[in-house]
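Mind docking chain B on chain A? Use the hints.
From first to last, the protein sequence lines stand for chains A and B.
For the first sequence, the numbering used here assigns the number 1 to the initial residue and increments by one for each residue that follows.
For the second sequence, the numbering used here assigns the number 111 to the initial residue and increments by one for each residue that follows.
Read the hints as simulated data drawn from the structure, not as lab findings.
Treat the hints loosely; a few may be bogus.
On the chain B side, residues computed to face chain A include the following (Cβ under 7 Å) [unchecked claim]:
no., residue
1, G126
2, N141
3, G150
4, L151
5, G152
6, L153
7, F213
8, G214
9, S215
Bear in mind the structure is a predicted one, so any value in this text is a computation, not a measurement.
Just so it is clear, CB atoms sit at the ideal spot from N, CA and C, and this is done for glycine as well.
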Amino acid sequence: GDSVTQMEGPVTLSEEAFLTINCTYTATGYPSLFWYVQYPGEGLQLLLKATKADDKGSNKGFEATYRKETTSFHLEKGSVQVSDSAVYFCALTPDYKLSFGAGTTVTVRA
Amino acid sequence: DVKVTQSSRYLVKRTGEKVFLECVQDMDHENMFWYRQDPGLGLRLIYFSYDVKMKEKGDIPEGYSVSREKKERFSLILESASTNQTSMYLCASTDQDVYGYTFGSGTRLTVV
Numbered sequence: 001g002d003s004v005t006q007m008e009g010p011v012t013l014s015e016e017a018f019l020t021i022n023c024t025y026t027a028t029g030y031p032s033l034f035w036y037v038q039y040p041g042e043g044l045q046l047l048l049k050a051t052k053a054d055d056k057g058s059n060k061g062f063e064a065t066y067r068k069e070t071t072s073f074h075l076e077k078g079s080v081q082v083s084d085s086a087v088y089f090c091a092l093t094p095d096y097k098l099s100f101g102a103g104t105t106v107t108v109r110a
Numbered sequence: 111d112v113k114v115t116q117s118s119r120y121l122v123k124r125t126g127e128k129v130f131l132e133c134v135q136d137m138d139h140e141n142m143f144w145y146r147q148d149p150g151l152g153l154r155l156i157y158f159s160y161d162v163k164m165k166e167k168g169d170i171p172e173g174y175s176v177s178r179e180k181k182e183r184f185s186l187i188l189e190s191a192s193t194n195q196t197s198m199y200l201c202a203s204t205d206q207d208v209y210g211y212t213f214g215s216g217t218r219l220t221v222v
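Bound-form chain A, shown alone (with noise of 0.2 Å):
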C-alpha cells in the first residue's frame, strides 16, 4: 500500500539555522502530499500540502516540493524560531485517509 518515509530525529537546531527534513513516499497512484504539525499538548494541525507534482506547499516560512521523479516531498525552512519547535509529520493520501510517516521531533534553542 501506500506510505511516506520520512527522516528520524529528533533534530536541535538554534535559532536563526536552516531546517530540512527528508520525506520520501511509495504510491501506486499520484497521491496528494502534506506536511502536517503538532506543537506540544496539541492536535495535528496542517503547514502545507500539495496535489500534484512541480506544486510547491509553503506556510510560516515553510516551503515544500513535490518532486515526481524522486518522489519526495522534503520540508524546508530558511531561519528557524524557538517557536517552530514541534512534531513534524509528511502525510499522503490518494483518497481522504492520511497515511503518516513516523513523525520528526524538532527542537530549537534561542
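Below, chain B alone, put in the same frame as chain A:
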C-alpha cells in the same frame, strides 16, 4: 471556531476494563477517524467512518471497536483494555475535501 473535541485529555484505566473514548465535531463532516500515535511509529489508523452507522477497519483495528450513532459523534471502544493499548489517541474529521482534516487535541490513555 470549528473544532473536534475529545472528551478527556488524560485517562488511566485498569487492564481488562472496557474503555470509551469520545469524539465530537461541530463541522457537519461526513468522515471521522481514530488514530493512535506512538513514538517512532507516527499515526496509525484504527477505524474510520464515512457516514452514520457506517465504519471501516483501518490498519490496526484489533482490540478496538467503534460506534457512530450520530453524525457529530464517533466513539472508540476498547473492549478489554490491555497495557499495549497505552498510547495517545487522536480523533479527526473531514468532509470529502481532505484538506479540511481537523484533529482533536488527543487523549493520552494509560492502561495499568
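Do the hints match the structure? See the list:
1. G126: violated (29 Å)
2. N141: holds (6 Å)
3. G150: holds (6 Å)
4. L151: Holds, because the Cβ-Cβ distance from L151/B to chain A comes to roughly 6 Å (cut-off 7 Å).
5. G152: This hint holds: G152/B lies near chain A, its Cβ roughly 4 Å from the closest one there, short of 7 Å.
6. L153: With Cβ-Cβ at 4 Å, under 7 Å, it holds.
7. F213: holds (4 Å)
8. G214: Interface hint status for G214/B: holds (5 Å vs cutoff 7 Å).
9. S215: This interface hint holds because 5 Å falls under the 7 Å limit.
Consistency with the previously given hints fails for number 1 only.
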